[in-house]
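2 protein chains.
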Amino acid sequence: MRITAKADYAVRAAVELAAVEKSDKPVKGEYLARLQGIPQNFLENILTELRRSGIIRTRRGADGGYQLARPAAEITVADVLRAVEGPLAAVQGIRPDELSYGGAAERLPEVWVALRASLRDVLEHVTLADIARGRLPAVVKERTRPKDAWRAH
Amino acid sequence: MRITAKADYAVRAAVELAAVEKSDKPVKGEYLARLQGIPQNFLENILTELRRSGIIRTRRGADGGYQLARPAAEITVADVLRAVEGPLAAVQGIRPDELSYGGAAERLPEVWVALRASLRDVLEHVTLADIARGRLPAVVKERTRPKDAWRAH
DNA sequence: TTCTTCTCAACTAAAACAGTCGACAAGATA
DNA sequence: TATCTTGTCGACTGTTTTAGTTGAGAAGAA
Chain R
1 MRITAKADYA VRAAVELAAV EKSDKPVKGE YLARLQGIPQ NFLENILTEL
51 RRSGIIRTRR GADGGYQLAR PAAEITVADV LRAVEGPLAA VQGIRPDELS
101 YGGAAERLPE VWVALRASLR DVLEHVTLAD IARGRLPAVV KERTRPKDAW
151 RAH
Chain P
1 MRITAKADYA VRAAVELAAV EKSDKPVKGE YLARLQGIPQ NFLENILTEL
51 RRSGIIRTRR GADGGYQLAR PAAEITVADV LRAVEGPLAA VQGIRPDELS
101 YGGAAERLPE VWVALRASLR DVLEHVTLAD IARGRLPAVV KERTRPKDAW
151 RAH
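Protein chains in written order, with the numbering used here: chain R, 1 to 153; chain P, 1 to 153.
Hints listed in this document are in silico derivations from the structure and should not be mistaken for laboratory results.
Check the hints yourself; a few may be wrong.
Unchecked claim - Label pairs and their in silico Cβ distance ranges:
(1) R/100 <-> P/94: 32 to 38 Å
(2) P/94 <-> R/21: 24 to 30 Å
(3) R/21 <-> P/31: 56 to 62 Å
(4) P/137 <-> R/145: 21 to 27 Å
To be verified - Below, computed lysine-lysine pairings styled on BS3-like, alpha-carbon distance capped at 30 Å:
(5) P/141 <-> R/141
(6) P/147 <-> R/147
(7) P/6 <-> R/6
(8) R/141 <-> P/147
(9) R/25 <-> R/6
Backbone N, C-alpha and C fix where the C-beta goes; we use that ideal spot for every residue, glycine too.
My request is simple: use the sequences and hints to build the entire structure.
So, in structure tokens, the structure goes:
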């Protein structure tokens, strides 16, 4: 259940792009990397994957750089994560909807499917614009309200 | 966002133990491994970790084997996962409550905390007894009801 | 043409994953 | 006590994933 450096970097870079959405000028890789403290080469690899998934647009040459391909309010965190990591949840690399167990564990896949649904509940409802603007949706507020949510687990 | 073979095996074995809870006779590693189709040596390593975490009890010698240390209805899937994998959610190995970002991503940690809370919502409410008996709690039913929950993502 | 910036494939070191193996410890039984 | 059974523990191994780096090249702008 870990979020990799790559996934984390992808979201952070995308959020920075969301923050300058209106400016319409592409942002350079070097600047993005510096803003979030991410190794530049690694970040550019990641950004290329985001482009291939249609999340960002790029331009080369002087005045080149990266920008979002769609409005930041229409790109969710789930979109970004899927672009760089594939399916949100998998058991040994298999999607939870296509596995089956015998014996007493027969109903276990339902638990994994519920788990994935829980992830989607959050990740598909938070947009890049939400994070950049600092206005997080209700689904996040509700879940972070219990002070317990902030204690170690 | 993947569930490893180890985590999956741990839960499946624990559920099998829950299924024979009343019999009070320890179950042999070899039998457990055969029931769920898990490599025996690997499984016994995992079961030893579960014992060290106080989730199961073991006995050696003829008539030895494994059994739950507490009632199955009091052991959640989260307990088992934490025993073999550590914290439920982490970003680059760091717990979401103790990370901080600069720039536009400043509010991102809240999203990760909400994500973890979502996982806990499911995993801390499903017990081994629930799965073994085939009576899953409301939190699972609600989330698996939308037919959409079962489609690939 | 030259300067800038993204692109792409290849490469690498280290860690995590998914096991296997063998010697040993501890109970049960004869 | 000897022996059989079964769990315990540490070390070992092969593969995949993670987290990058590097370098040659393509595409624009000036």
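We went through each hint and held it up to the structure:
1. A C-beta distance of roughly 35 Å is found between residue 100 of chain R and residue 94 of chain P, which places it inside the suggested range of 32 to 38 Å.
2. For the hinted restraint 24 to 30 Å between residue 94 of chain P and residue 21 of chain R, the CB-CB distance of approximately 29 Å keeps it satisfied.
3. At about 60 Å, the beta-carbon gap between residue 21 of chain R and residue 31 of chain P stays in the expected band of 56 to 62 Å.
4. Checked against the hint of 21 to 27 Å, the pair residue 137 of chain P and residue 145 of chain R passes, with Cβ atoms roughly 22 Å apart.
5. With a C-alpha separation of about 23 Å, the suggested pair residue 141 of chain P and residue 141 of chain R falls inside the 30 Å cut-off, and the hint holds.
6. Taking the CA atoms of residue 147 of chain P and residue 147 of chain R, the gap is about 33 Å. The hint is violated against a cut of 30 Å.
7. Note on residue 6 of chain P and residue 6 of chain R: the hinted pairing holds, with a Cα-Cα distance of about 23 Å set against a maximum of 30 Å.
8. Distance check on the hinted pair: residue 141 of chain R and residue 147 of chain P sit about 27 Å apart at the alpha-carbon level, within 30 Å; holds.
9. Taking the CA atoms of residue 25 of chain R and residue 6 of chain R, the gap is about 25 Å. The hint holds against a cut of 30 Å.
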